[in-house]
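Participant: Each chain is listed here by its residues.
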Amino acid sequence: MDINFLNRKSKVALKLEDLFSRFGFDKYTMNRFETYAFYLENEKFLADSRVITLQGAGGKILALKPDVTMSIVKNYNMLGMNKIYYNEPIFKVPHGENEFREIHQIGIEYIGELDTYQTVEVLNLAVKSLKMIGEDYRLCISQVGIIRKILHKLELSSVETIIKYLRQKNIHDLSAYLEKIGKQSYIKIFEILISINGDFKTSINQLLEEDLFKEYNTYLEELYNIAQILEEVVDYKKISFDFNHISSTEYYNDLIFTGYVKGISTPILSGGRYDNLLYKMDIKDKSALGFAVNLSEINKLEDTRAVLRKKIVNDKSPLEMIQEANRLFEAGESFVVIRKDE
Amino acid sequence: MIDIALPKGRLGDKVYAKFKSMGYSADEFEQNTRKLVFEDKEKGVRFFLIKPSDVATYVARGVADIGVVGKDSLIEAEVDVYELLDLEMGKCSMCVCSLEGFVDDGKKPITIATKYPNVTKEYYKNRDIDIVKLNGSIELAPILGLSHVIVDIVETGSTLKENNLKVDTKIMDLSARVIASKSRYSFNKEEIDTLIRRMQID
Numbered sequence: 000m001d002i003n004f005l006n007r008k009s010k011v012a013l014k015l016e017d018l019f020s021r022f023g024f025d026k027y028t029m030n031r032f033e034t035y036a037f038y039l040e041n042e043k044f045l046a047d048s049r050v051i052t053l054q055g056a057g058g059k060i061l062a063l064k065p066d067v068t069m070s071i072v073k074n075y076n077m078l079g080m081n082k083i084y085y086n087e088p089i090f091k092v093p094h095g096e097n098e099f100r101e102i103h104q105i106g107i108e109y110i111g112e113l114d115t116y117q118t119v120e121v122l123n124l125a126v127k128s129l130k131m132i133g134e135d136y137r138l139c140i141s142q143v144g145i146i147r148k149i150l151h152k153l154e155l156s157s158v159e160t161i162i163k164y165l166r167q168k169n170i171h172d173l174s175a176y177l178e179k180i181g182k183q184s185y186i187k188i189f190e191i192l193i194s195i196n197g198d199f200k201t202s203i204n205q206l207l208e209e210d211l212f213k214e215y216n217t218y219l220e221e222l223y224n225i226a227q228i229l230e231e232v233v234d235y236k237k238i239s240f241d242f243n244h245i246s247s248t249e250y251y252n253d254l255i256f257t258g259y260v261k262g263i264s265t266p267i268l269s270g271g272r273y274d275n276l277l278y279k280m281d282i283k284d285k286s287a288l289g290f291a292v293n294l295s296e297i298n299k300l301e302d303t304r305a306v307l308r309k310k311i312v313n314d315k316s317p318l319e320m321i322q323e324a325n326r327l328f329e330a331g332e333s334f335v336v337i338r339k340d341e
Numbered sequence: 000m001i002d003i004a005l006p007k008g009r010l011g012d013k014v015y016a017k018f019k020s021m022g023y024s025a026d027e028f029e030q031n032t033r034k035l036v037f038e039d040k041e042k043g044v045r046f047f048l049i050k051p052s053d054v055a056t057y058v059a060r061g062v063a064d065i066g067v068v069g070k071d072s073l074i075e076a077e078v079d080v081y082e083l084l085d086l087e088m089g090k091c092s093m094c095v096c097s098l099e100g101f102v103d104d105g106k107k108p109i110t111i112a113t114k115y116p117n118v119t120k121e122y123y124k125n126r127d128i129d130i131v132k133l134n135g136s137i138e139l140a141p142i143l144g145l146s147h148v149i150v151d152i153v154e155t156g157s158t159l160k161e162n163n164l165k166v167d168t169k170i171m172d173l174s175a176r177v178i179a180s181k182s183r184y185s186f187n188k189e190e191i192d193t194l195i196r197r198m199q200i201d
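Residue numbers (numbering that gives the first Met the number 0), protein chains in the order written: chain A, 0 to 341; chain H, 0 to 201.
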């Protein structure tokens, strides 16, 4: 079937569903609601705790879903599958905005035993997804596990300020803050974290040579292994490594990644490994990795829709005309029947 | 081509002078025209002149690669951008100020006049406060009884003195920062890093 009549967003959605399905992911569909209590219990996994609530017919307070992954994990034991994809709307206030928006997301989740192959497969699909959205793209990979371990050593009641400065690559304010709280001995390690930024393998090699990162070698060697495989299978120049793509939620615990497409100012793809969320939902012997594509943003790119329809003048009887229309349809044509005087 | 958002006014002029000393220039910028876009084709740089409080938005929305913005405007804009350099220009402080003789005992709700509601909310996060958002002449608010205190920028303190006001607390130091669009940075990393390094040295 010719899909050129679809707008860019719908075309991408269709191609991504095809991609995920052909790589063995099964579609999971869900309704728009979740109990409000579910988000209250798991607030620390939401980037923004504001949700749209409404009263259900039974009196329960319901919420329009601000996140899909949490609902998939909640239902994991009943799903009976470990490779899932979805194509769903979510409702949340995007970062830096003041109003709720309906955001159309399509994504995958792998829940199970995570080995190097599964990790590379998910990253490979992330790259393929970005390429389907736009030829000029970048995938930025990060490792939040290392950051969490360093932050844990600081023994602070809140690490939000440090995460904020890391996200901003803001070494000047971060150094001043560490000095103010008497943790100036950590300035050097954060300087390295902020300055690491560029080619995946080169960045990991740089970290492997740093004494301050010796204890994180297990993470780094696995990252290097992944980088080597990706170099062989994807457009490696479009992949970079840096530590600044982190969030303040406790959602992710290990590898995380963010994708950009030229022409869109916000991340079009984001994902990572979220064992913390599984653990909170009593799935303690599994790991999980996934990503979501923000399809709503694709509308900001130039539309590629091209509808070429034949104009057919209606100069026949109604019966003959509808027979002619059906004949054109069966022949695969696109057409519009117009009146003689149009 | 690197697109640079500069704030209109004194700070923008100072930053442009810095770029000029680094070898970038756009003659029209110095001719006091009403143009808002200036280009140094040879060096591959384009300058946009933007209202200071809008610079962060232009950068966050990916219209410019980098921008120069006061830390006060940056915090208020609440945007997701990189903050790559403290230019140490336009230094001043964000302070809580009140009329001479006023003491905030912390026991009752307080009314605060300010241009900076986000900074104010963050500073008074555990306190019952009423924010009056104003756009200028903030010092007038406690004089006329519109607020108990103000949260505002203090440079020399002379305006405060002339209006019988005092600084109660310094909330933070402020200065001009170089910010970058996260998306555009991922595509133009080398060019932006080179420019930032030169700005640090020169």
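None of these hints come from the bench; they were simulated from the model.
For each residue, glycine too, the CB sits at the ideal point set by N, CA and C.
Keep in mind that the hints are not guaranteed to be accurate.
[To be verified] With a cut-off of at most 30 Å between alpha-carbon atoms, the simulated DSBU-like pairs for lysine-lysine come out as follows:
hint : chain 1 : residue 1 : chain 2 : residue 2
1    : A       : 163       : H       : 50
2    : H       : 50        : H       : 106
3    : A       : 179       : H       : 120
4    : H       : 120       : A       : 200
5    : H       : 188       : A       : 299
6    : H       : 124       : A       : 148
7    : A       : 236       : H       : 40
8    : H       : 50        : A       : 213
9    : H       : 40        : A       : 163
10   : H       : 124       : A       : 299
11   : H       : 90        : A       : 163
12   : A       : 261       : H       : 42
[Said to hold, decoys possible] According to the in silico footprint, chain H covers these stretches of chain A (three or more CB under 8 Å from chain H):
hint : segment
13   : 134-140
14   : 149-156
Participant: Run the structure past the numbered hints and jot down the numbers of the failing ones, going up.
Facilitator: 2, 4, 8, 9, 10 and 14
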